[in-house]
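Once you have looked at the hints, place chains C, D and S on chain L.
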Amino acid sequence: MDLNLSDEQRLLRESVDRFIAETYDADHRRRSAGDPLGFSPAIWKQFADLGWLALPIAEEYGGLGAGAVETGIVMEAFGRGLVSEPYLSTVVIGAGLIAECGSEAQKQAMLPKVADGSLRLSFAHSERAARFDLAKVETAAMKVADGWRLDGHKIAVIDGHAAGQIIVSARVASDDGTAGKLSLFLVPAGTPGLTLRDYARLGGGRACNLDLANVSLAADALLGDGSDALPQIEAVVDRALAALGAEAVGIMQIMFDMTLEYTKVRQQFGRPLSANQVIRHRLADMAMHCDEARSIALRAAVMADAEPVARGRAASGAKAKIGKSARFVAEQSVQLHGAMGVTEELDIGSYFKRLLAFDTLFGGSAHHYRRHAALGGRTPPHA
Amino acid sequence: MDLNLSDEQRLLRESVDRFIAETYDADHRRRSAGDPLGFSPAIWKQFADLGWLALPIAEEYGGLGAGAVETGIVMEAFGRGLVSEPYLSTVVIGAGLIAECGSEAQKQAMLPKVADGSLRLSFAHSERAARFDLAKVETAAMKVADGWRLDGHKIAVIDGHAAGQIIVSARVASDDGTAGKLSLFLVPAGTPGLTLRDYARLGGGRACNLDLANVSLAADALLGDGSDALPQIEAVVDRALAALGAEAVGIMQIMFDMTLEYTKVRQQFGRPLSANQVIRHRLADMAMHCDEARSIALRAAVMADAEPVARGRAASGAKAKIGKSARFVAEQSVQLHGAMGVTEELDIGSYFKRLLAFDTLFGGSAHHYRRHAALGGRTPPHA
Amino acid sequence: MDLTFSAEERIFEQEVRDFIAQNLTPEMKRATALTPSVFSDPDIGMAWQRALHRKGWGAPGWPVDAGGPDWTPAQRWIFEAECARAGTPNVNVMGVKMVGPVIIGFGSPEQKNFYLPRILSGEDYWCQGYSEPGSGSDLASLKTRAVRDGDDYVINGTKIWTTHAHHANRMFALVRTNDTERKQDGISFILIDMKSPGITTRPILTIGGDHEVNQVFFDDVRVPVVNRVGEEGKGWTYGKYLLEFERGAGIASAKLRDALKTVSDLAESDATGRAIDDSDIAVRMSEIEVDIDTLEMTELRVLSALQTGQNPGAVSSLLKLRVSEIRQAVTRLGVEVIGNDGLYVEPMRPLYRLNEAPGIPEEMLPIVPEYLNGRAYTIFGGSSEIQRDIVAKMVLGL
Amino acid sequence: MDLTFSAEERIFEQEVRDFIAQNLTPEMKRATALTPSVFSDPDIGMAWQRALHRKGWGAPGWPVDAGGPDWTPAQRWIFEAECARAGTPNVNVMGVKMVGPVIIGFGSPEQKNFYLPRILSGEDYWCQGYSEPGSGSDLASLKTRAVRDGDDYVINGTKIWTTHAHHANRMFALVRTNDTERKQDGISFILIDMKSPGITTRPILTIGGDHEVNQVFFDDVRVPVVNRVGEEGKGWTYGKYLLEFERGAGIASAKLRDALKTVSDLAESDATGRAIDDSDIAVRMSEIEVDIDTLEMTELRVLSALQTGQNPGAVSSLLKLRVSEIRQAVTRLGVEVIGNDGLYVEPMRPLYRLNEAPGIPEEMLPIVPEYLNGRAYTIFGGSSEIQRDIVAKMVLGL
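Residue numbers (numbering that gives the first Met the number 0), protein chains in the order written: chain L, 0 to 382; chain C, 0 to 382; chain D, 0 to 397; chain S, 0 to 397.
Please keep in mind that the hints were generated in silico from the structure rather than gathered at the bench. Hints may contain errors.
[To be verified] Okay, derived cross-link-like pairs now, EDC-like style, lysine to aspartate or glutamate, Cα gap no bigger than 20 angstroms in a straight line:
| id | chain 1 | residue 1 | chain 2 | residue 2 |
| --- | --- | --- | --- | --- |
| 1 | D | Lys392 | C | Asp197 |
| 2 | L | Lys263 | D | Asp137 |
| 3 | D | Lys392 | C | Glu260 |
| 4 | S | Lys392 | L | Asp284 |
| 5 | C | Lys135 | S | Asp276 |
Isolated chain L (complex conformation) (with noise of 0.2 angstroms):
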């Protein structure tokens, strides 16, 4: 039982977060909002330069073979610096489910890749219908002679711009007519039929929504033997769940910071906002929800690799709890900076967008809260 930071995840930390105070000041995020891509590959490549990329690839596919503790290290000051450069969808998630359904071809052709900065990936899974049932999907995939053929509509498609391949979930229409199989197929960047339509994110980066219409894949684009890919996009999933909650931690650690700071130095009827028994007493709540948010995030890491159910009994309670915690961060930060606060001149607005982006994505508290009691045999998940 330890957790302490070993000396390498120490000099981990101390890396990225210089890295983040030099790199990331409200100045370059002005300049990257503006951005058509909404991020800089200069920077990209930065990060690959530094390992980063190569954390928890696999020693044999040119990685470093690191785990979710360390992802969450470089997560949380990502989260301190709004960084939007692709890492979650290439290197957490994309890079995830390749090693997890991926052929030993399909590894080795693409992993190295990810690992040395030269391949971008995003996975594009949600849709309209389906809310946050990582079950539900209805993009078809058909086999035909030379391969396969997709159609369907993805939504909320994170970085699907900026990536080489696109990892379209489809069901595949099995013989019977029966819903078929939920499999994972690598779509290449520009391939006809796909039509990708790009929007600014919310809190920072890019997302798309992406139709596709009849698109041809060769019959390698399938990621894996075709067995149903739901255990690993969970398990992928959680592990993503984990490292938005170390972001999300990150991002709350910096607005406390600001709103203590700014608390003490702002005069309001001649003496500081800090003074008043009532902001006190929110400040130590607020100290109290960035320990807790720190804590479950690190039980989500930790137990990253653990069996399913304890697995995603921990990223879900993590999601969930990370989720009230930082809503309650956010919106009081907001609240105690005033009308400053409500307005896009501060960094705090920013962060706050990032943290409801975070709420959002892949489901809120409520949505998770139900997850957690369903894999402990309380409630049909339905319910």
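Structure of chains C, D and S alone, referenced to chain L:
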């Protein structure tokens, strides 16, 4: 559109307020807490003399033909006095069920006796496995040659020990073995096979568990014509919810008043508690909750005779909302009274328990918000 | 005691409905629905003001001799409720509900004759110059200074959070005309032509991406002394009167019900994958609906008291707090209802004039900006913290 | 970074389990489960203390030379977790965890030799004399006075909220020995034999109907001066030391998990009509479980820091607040789980010695009293309001 009290209503309020102020002091409560009867027959007689037992009973049966607003006026004052006389059981629920379901002969026989104080009633409906589902009844009624036979177990029968007649709900076994209709039976106190296990009730008064083992009843024990009584039970329970809401408002208001006064008087660290901004804001919130509870309780009363969906949504909305508000006011009243609040030495503890019992009766906030949603067509009732 | 309206009131209700049916165009309705702010753009809002004025309903709260329609409290209720249900635009409240009553109460005959008709007709569009950078909820600390020079005041300083200053041709402002021991005593209430030389306006984008508020700078701006309302140094009193004028006239439940219906309709649509089938969302919808029912009953209790000439008392002071909280709850539920589509950001404004179809169903567009902008409900006009201080002091006597 | 224990620690864990299996009788377990209070009655608690003492585990937190078992932080964690899981009685914390450390830190050699073995063996049962009527969270305002008379102090005054004063043979108390400018400076820490003439005890029933606390009156009670711990006028310092001693050693998550399991078992039983099938109850169960997971992680973070000699820092100061809130949430959920059966009041105590079967399933009996008594969690030992004041000042530097 007029929510002002009429002159008659104002007079009623003054009369019941005065009576409560003069009769129900802490001494009275301490005496009656040790009393195995749990209420005073002499006071019951006074209720009759003052006309309160006749209030909602139709004029043709010796009543005054008043409505839920008048009942609410009485119940609010009763809440302030922590009245333990079986008013809700007898006048609101018991007489209500007879008025809704009874034959002309049954109404003639019983309602005047309720109005003159010579008959007290109780409703035995809840069963342990049913929780708060009004439709879930396993107690069985079998038609036999000379009448009926009842078997089953009831819990939380409010004021059962004080009733001349207990109205027992049961399923009438149908000939084809399917679950039969829900019916109501009049079971006189002391009927062989009827066992009462009497106990002190949380927050004052008494209740009992009730075993029916081979209880034989005459043919005219069936209330009404044997059609399914669920709609009538729901109507009467909705009126009970409105009445309970008014009672809760009375309790919340007095708890708030006592707490406001206490925080002004009680000194800590050299100044009154009420000098603390956190406590001032808490009191402001308590005041708001009291006022909101008052509004929504009034709405349930005004809607008590509306069509079933509107009536049910108003009643469940009020129960749910007042449940939340009452919990806040009750818990904060105890909190702000400090250590003395968590003893049996102050009235605040007695009021606290009564509000806890209020929250339990007929189901808590979650149950009633769900019913509100379901009646609005929003979710299946079982969700 | 009952909740139904009288026969006369029902006739009036029908008149309001007929008026709305004849005057509310589909464009106005759509523009209102697609405005993620409580303030309609002037092209929409003032078109509606002109229609109201033609009917004689340009200023429901004003006395008859100033051009008001002489409605009972119940009539005002019915009017507001029907407008909310139909989704009519908001008019220039800074004119009709704010500066208008102050001019009526304290203005000179010349001011009344000049300004009031122009408010009614929609010829003038007003903004409010109260807050300053650094003043926050401590309004009396304001520093914008008006120095007497002959028949003019010369104004220097800056105002902030000035809603629609970029649309307005007039501003009413609180300015410091004297340094007094009690800060409140040196403040005057002044009417400013926004075209005066020396006024510049800087836009401030809200967190939801809307241009609604501004910072306004005054650089040796000359305003005739006759543009001062009432006495010099009494501006604080007039400002407070304005708040009291609004008191008891608050009818927020109808708008909230309409806002909740928008969210509820979305939740029941396939566009959100029928979010309503999520029991959490269904139950929270009920929670908010009951909160609105509660608010409505409180408003009706106040209205009943007003109808019979009683003082509604403390209860109305508690309403602002709840109204802002319920508004925020509605907007928050909206965000959860639209799920992943809430990640979509539409930077263009106004939303009702987009050149191409957006990436999400149109009716979802205002949802996230409304939530974001709505964080201001508990800040502007005296933060909720200040409101609770006031309730403790004024209502509870602490 | 991992959550698993080492091989040695797992061997220790097994030793604890074996010990519990051999020494925790079914009667002790049942009595503990049926005690709606955090304090076990002495007949149960002291039987367990004696068993622990036989094993050398009578005072886990004490140094070895005082009779402690010399455990690492991880071993203490494992011990507390296993005890919570098994449902062992609580021992006399006022002895083992409160006065014991003060005597160890500041007592005379004679005091150590006399008192410490009697605490370990369970021969002495202690109560704490801190609060007074009117003092509340402002402890330093205490008025009970000890006046020097030869070799004795003569004590007059009264203490309140004295847990188990009716069971205890000894009390440690803060008394005023001097009137000083700074109230804290005139306070001394004194050990009182409860059989001394002049002491009377008045029971105070808690809101849940339990006799747990008392008011204790002192009427010319003579206490030898040698019973004072440390210096005269330094009592406040020793009292604060006691709080710091406890800091970082808090292991509450295991007990909370056990308490939640009790509620969860009830919710899954037919006795509650399977309350767990109510989605609201299932989800709230998960919310609380995650809160406990969170707390456990925080405790383990503190433990990890302590293991490597680091200062856990601010984090432990936040724990009391959350622990008391989570406890209250568990007891509240319990009340909702048992539904209508929560209306049943059982006035007799102790619940594990009822003469006849109660009207509701036995395991439900403590549920409502636990909720009621549990309102004190946010009051006793410094109210949550005071705790937040302290966090703001000490942790946030405000």
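Each hint tested on the structure:
Pair hint Lys392 (chain D) plus Asp197 (chain C) does not hold up; C-alpha atoms about 48 angstroms apart against a cutoff of 20 angstroms. Restraint check: the Cα-Cα separation between Lys263 (chain L) and Asp137 (chain D) comes to about 16 angstroms, which is no more than 20 angstroms; the hinted pair holds. Distance restraint check for Lys392 (chain D) and Glu260 (chain C): the Cα-Cα separation of roughly 14 angstroms lies within the 20 angstroms cut-off, and the hinted pair is therefore satisfied. A hinted pair counts as satisfied when its Cα atoms are at most 20 angstroms apart, and Lys392 (chain S) with Asp284 (chain L) qualifies at roughly 13 angstroms.
For the hint linking Lys135 (chain C) to Asp276 (chain S), the alpha-carbon distance of about 15 angstroms falls within 20 angstroms, and the restraint holds.
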